[in-house]
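A.B. asks: This is what each chain is made of:
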Amino acid sequence: MDYLTIIQILDSMLRLSAPLIFACLAGLFSERSGIFDIGLEGKMLASAFFSAAMAAATGSVWLGLMAGLTASMILAAIHGVASITFQGNQLISGVAINFLASGMTALIGQNWFRLGGRTPSLSGDSRFLPIDFPFTESIGKIPIVGPIYSDLLSGHTILVYIALITVPVTWWLLFRTRFGLRLRAVGENPEAVDTGGVSVSFLRYRAVLICGLLCGLGGAYLATGMAAGFIRDMTAGKGFIALAALIFAKWRPGYALYACLLFGLLEAIAIRYQNITIEGFGTIPVQFMQALPYILTIVILAGLVGKAIPPKAGGEPYIKER
Amino acid sequence: MMTSTEQHDRAAPMIELRGITKSFGSVQANKNIHLKVSKGSIHGIVGENGAGKSTLMSILYGFYKSDSGEIYINGELTNITDSHKAIEAGIGMVHQHFKLVENFTVLENVILGTENNFLITPALNNARVLLSKLASAYSLEVNPDALIEDLSVGHQQRVEILKALYRQADILILDEPTGVLTPAEANHLFDILKNLSNEGKTIILITHKLREIMAVTDTVSVMRRGEMTTTLQTSETNPQELAELMVGRSVLLRVEKEATEVGAKSLEVENLTVTDKRGVTTLKSISFHVRKGEILGIAGVAGNGQTELLEALGGITPAAGRMKINGEEIPLNGVGSDARSKRENGVSHVPEDRQKLGLILDFFAWENIAFGYHHKDEFNMNRFLMHNQKIRKIARSEMVKFDIRPPSPGTLAKNFSGGNQQKIVLARELEQNPKVLIVGQPTRGVDIGAIEFIHQKIIDLRNMGAAILLVSVELDEIFSLSDRVAVLFDGKIIGERITEKTNESELGLLMAGIEDDSETDSLVTRKATE
Numbered sequence: 001m002d003y004l005t006i007i008q009i010l011d012s013m014l015r016l017s018a019p020l021i022f023a024c025l026a027g028l029f030s031e032r033s034g035i036f037d038i039g040l041e042g043k044m045l046a047s048a049f050f051s052a053a054m055a056a057a058t059g060s061v062w063l064g065l066m067a068g069l070t071a072s073m074i075l076a077a078i079h080g081v082a083s084i085t086f087q088g089n090q091l092i093s094g095v096a097i098n099f100l101a102s103g104m105t106a107l108i109g110q111n112w113f114r115l116g117g118r119t120p121s122l123s124g125d126s127r128f129l130p131i132d133f134p135f136t137e138s139i140g141k142i143p144i145v146g147p148i149y150s151d152l153l154s155g156h157t158i159l160v161y162i163a164l165i166t167v168p169v170t171w172w173l174l175f176r177t178r179f180g181l182r183l184r185a186v187g188e189n190p191e192a193v194d195t196g197g198v199s200v201s202f203l204r205y206r207a208v209l210i211c212g213l214l215c216g217l218g219g220a221y222l223a224t225g226m227a228a229g230f231i232r233d234m235t236a237g238k239g240f241i242a243l244a245a246l247i248f249a250k251w252r253p254g255y256a257l258y259a260c261l262l263f264g265l266l267e268a269i270a271i272r273y274q275n276i277t278i279e280g281f282g283t284i285p286v287q288f289m290q291a292l293p294y295i296l297t298i299v300i301l302a303g304l305v306g307k308a309i310p311p312k313a314g315g316e317p318y319i320k321e322r
Numbered sequence: 001m002m003t004s005t006e007q008h009d010r011a012a013p014m015i016e017l018r019g020i021t022k023s024f025g026s027v028q029a030n031k032n033i034h035l036k037v038s039k040g041s042i043h044g045i046v047g048e049n050g051a052g053k054s055t056l057m058s059i060l061y062g063f064y065k066s067d068s069g070e071i072y073i074n075g076e077l078t079n080i081t082d083s084h085k086a087i088e089a090g091i092g093m094v095h096q097h098f099k100l101v102e103n104f105t106v107l108e109n110v111i112l113g114t115e116n117n118f119l120i121t122p123a124l125n126n127a128r129v130l131l132s133k134l135a136s137a138y139s140l141e142v143n144p145d146a147l148i149e150d151l152s153v154g155h156q157q158r159v160e161i162l163k164a165l166y167r168q169a170d171i172l173i174l175d176e177p178t179g180v181l182t183p184a185e186a187n188h189l190f191d192i193l194k195n196l197s198n199e200g201k202t203i204i205l206i207t208h209k210l211r212e213i214m215a216v217t218d219t220v221s222v223m224r225r226g227e228m229t230t231t232l233q234t235s236e237t238n239p240q241e242l243a244e245l246m247v248g249r250s251v252l253l254r255v256e257k258e259a260t261e262v263g264a265k266s267l268e269v270e271n272l273t274v275t276d277k278r279g280v281t282t283l284k285s286i287s288f289h290v291r292k293g294e295i296l297g298i299a300g301v302a303g304n305g306q307t308e309l310l311e312a313l314g315g316i317t318p319a320a321g322r323m324k325i326n327g328e329e330i331p332l333n334g335v336g337s338d339a340r341s342k343r344e345n346g347v348s349h350v351p352e353d354r355q356k357l358g359l360i361l362d363f364f365a366w367e368n369i370a371f372g373y374h375h376k377d378e379f380n381m382n383r384f385l386m387h388n389q390k391i392r393k394i395a396r397s398e399m400v401k402f403d404i405r406p407p408s409p410g411t412l413a414k415n416f417s418g419g420n421q422q423k424i425v426l427a428r429e430l431e432q433n434p435k436v437l438i439v440g441q442p443t444r445g446v447d448i449g450a451i452e453f454i455h456q457k458i459i460d461l462r463n464m465g466a467a468i469l470l471v472s473v474e475l476d477e478i479f480s481l482s483d484r485v486a487v488l489f490d491g492k493i494i495g496e497r498i499t500e501k502t503n504e505s506e507l508g509l510l511m512a513g514i515e516d517d518s519e520t521d522s523l524v525t526r527k528a529t530e
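Residue numbers (our numbering), protein chains in the order written: chain U, 1 to 322; chain G, 1 to 530.
I should point out that these hints are in silico values taken from the structure, not numbers from a laboratory. Incorrect hints may appear among the rest.
To be verified - Not close to chain G: a few residues of chain U, all C-beta gaps over 12 Å, as computed: (1) D2; (2) L63; (3) V167; (4) I271; (5) T283; (6) A313.
Claimed, not checked - Taking lysine-lysine and the DSS-like style, the derived pairs with C-alpha atoms no more than 30 Å apart in a straight line are: (7) G/K277 <-> U/K250; (8) G/K31 <-> U/K320; (9) G/K401 <-> G/K390; (10) U/K312 <-> G/K356; (11) U/K320 <-> G/K36; (12) U/K307 <-> G/K356; (13) G/K376 <-> G/K324; (14) G/K457 <-> G/K257; (15) G/K277 <-> U/K307; (16) G/K209 <-> U/K320; (17) G/K257 <-> U/K312; (18) G/K501 <-> G/K257; (19) G/K492 <-> U/K320; (20) G/K265 <-> G/K209; (21) G/K265 <-> G/K501; (22) U/K320 <-> G/K356; (23) U/K312 <-> G/K277; (24) G/K85 <-> U/K312; (25) U/K320 <-> G/K265; (26) G/K492 <-> G/K356; (27) G/K393 <-> G/K457; (28) G/K390 <-> U/K312; (29) U/K320 <-> G/K390.
The beta-carbon is built from N, C-alpha and C at its ideal position, and this holds for glycine as well.
Just chain U, with the same shape it has in the complex:
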């Protein structure tokens, strides 16, 4: 394996991690506020569809992005109303959103485009295109450092860079601002926030909407950045992998980045090497490599990787006693 191959694998790792990073941070905001959200998948899917549909119809990827964000945030608001205002079961609400998104996108897609649930292929301005950094030609020639700049970091769509920037921004919001302090508190002990004179519901709604926003970015990236159009159920469990990454990351933004990069790396390796042959052991079939992120998800969700303590008030609707 030469150096350039490694750079190429890392390059596709970044590309494949971006939607996971968005979804994982989305889950982080929601769960840190005490609202469990297994509907990340559904929100991404809805955003993927509506962004692709809008982009296809108008030819503008930015209008597409707006449509995707709107769809995702509407679903987030539904989850918020169900679990905050009506104090319903957050898991059931999340499952409902996943089903709703999966069924709705396929149905509307078929009705609008008659392509078996797909949207038309996107090209040109109706997609997010790679951004090339300046001077890639010349800097790329510098050994070792050059390829990192021109092949690894350069040449992604704007959303990949936004995903990477969202990580430190999330950290800063959580640990340096009033909003973050209250958000972390409301997920641990909402009574402390309530008796402190701060509205629990308003805080949680804001968190859930941020979650919708970030899922929307992730979904739009899938359909208009990574791929060129929407395919039925194209999220393929990324929302759940992001949840696993969130647990793996112990609900911390920095670790969340590493966890998502790990999942992205596994995926990148599976794409790069169809069959991996190991001397004296035999061949690892491609199916196993493709299944690896999902296997790792199960392992993490089964609690086999260390002890992860979720926000204490997570999953519980806030009801003033008696």
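Following the hints, complete the assembly by docking chain G onto the known chain U.
C.D. replies: For chain G alone, kept in the frame of chain U given last:
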């Protein structure tokens, strides 16, 4: 010229409640409450559980909204719709169950809700400075960078007080503040409260401990069944009168207890050792015995091994050591050490946490009365079917006998008040005529009327010749029930006394972990003579 009394009357009270009424469904928690508290005073509110004290204070703090009535703060009509308004009006509250974020630092908890800025660093710095000032002014020392979960309960309470002071509260409400404190910590708290009132802060203290009312308050109000019945000057009343006002009839604060012939050793425990899941030894090889017709009280500050002792003897957690009932050994771990075997050997267990271990709250009273003994013939028709009709009948008669209200077996356990829930557990266990009764915190959260009843039932069982192990953190209870007292400290029995030959200060020293050897005794006497 005005006389001083006239002047006093003309000054508006710091807090005035007029006609506060609040209902939860069909239950009227507060009925037309009027109350005046003058500035700089410490005002006590006493009442039985469910009398409406906490509800009233939650209304004052904006946690609940009253159905009708007005609140005047410093003479001004104040509409307290939420806690934010209460904080603005200068009211701070220390809740019975602390409202702290456990994995936050002290500073983060203190500023939460009052950050005053989008970024939290300035508030954190401010709070650090202010906290050190308050710490020295009121001896409220606490490490500002410690996590709440690492602090003792006493220190967590200090954080709650600091939170209120940081918000510049002029009025401080404390709801049952000493329930979780050692006697020394409680005294320290009272010193702090007196200091604060000298500084002009107005303090409302809610408690059911009359001793505390007498020790620290200037005025006291009594609540009964949602009504504010009386307000008195503390100096002009006494505990007996307050207790009578609380219950509405005169009560015996000490249960009459005649001496009994103590018999042979009924419960013997040798070298009982409990190690928890984390590998920490919580009970360190303790030994004791209880004779027939005797009550052994286990005193101590909560968390010194009481729970482990109860659960080991009740067959809930495995332990090392030996346990004998009437000379016959019962295993403490492995086969035959489970709760059912203990029961079959005549050991009844009234657990300290009745809601978790004593009852299934979502089950009916009659079901709860059969639990643990449901395999017995009296509850079953044959090998497969339970005799539900019969269980209901038994349950009804037991409920009448134990004065459980309402005496309806078809009511869910969770719909009974704390005292009646406890009576359901007691009815179940006592009706089995146990040889040995292990009972933990029998009257925690129970009102005075029910306390008296429960105490009488325990005494009756003792008079019938049972051996009783009473674990309680209430010294009053230990004194009124037990024949002998052993004090648990740090998982060991640090001292043992005959109840009649000791006093609260002596037990208090033992509870604080001060070993009873002659040295300390002489020290105390020397100090007393000086």
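A.B. asks: Each hint needs a verdict: does it hold in this structure or not?
C.D. replies: Status of the hints after comparison with the structure:
no. : hint              : result
1   : D2                : holds, 47 Å
2   : L63               : holds, 32 Å
3   : V167              : holds, 19 Å
4   : I271              : holds, 40 Å
5   : T283              : holds, 45 Å
6   : A313              : violated, 10 Å
7   : G/K277 <-> U/K250 : holds, 23 Å
8   : G/K31 <-> U/K320  : holds, 21 Å
9   : G/K401 <-> G/K390 : holds, 17 Å
10  : U/K312 <-> G/K356 : holds, 20 Å
11  : U/K320 <-> G/K36  : holds, 28 Å
12  : U/K307 <-> G/K356 : holds, 26 Å
13  : G/K376 <-> G/K324 : holds, 24 Å
14  : G/K457 <-> G/K257 : holds, 11 Å
15  : G/K277 <-> U/K307 : holds, 15 Å
16  : G/K209 <-> U/K320 : holds, 27 Å
17  : G/K257 <-> U/K312 : violated, 47 Å
18  : G/K501 <-> G/K257 : holds, 16 Å
19  : G/K492 <-> U/K320 : violated, 40 Å
20  : G/K265 <-> G/K209 : violated, 35 Å
21  : G/K265 <-> G/K501 : holds, 22 Å
22  : U/K320 <-> G/K356 : holds, 21 Å
23  : U/K312 <-> G/K277 : holds, 21 Å
24  : G/K85 <-> U/K312  : holds, 27 Å
25  : U/K320 <-> G/K265 : violated, 50 Å
26  : G/K492 <-> G/K356 : holds, 26 Å
27  : G/K393 <-> G/K457 : holds, 21 Å
28  : G/K390 <-> U/K312 : violated, 44 Å
29  : U/K320 <-> G/K390 : violated, 40 Å
Figure legend: structure checked against the earlier numbered hints; hints not met, in rising order: 6, 17, 19, 20, 25, 28, 29.
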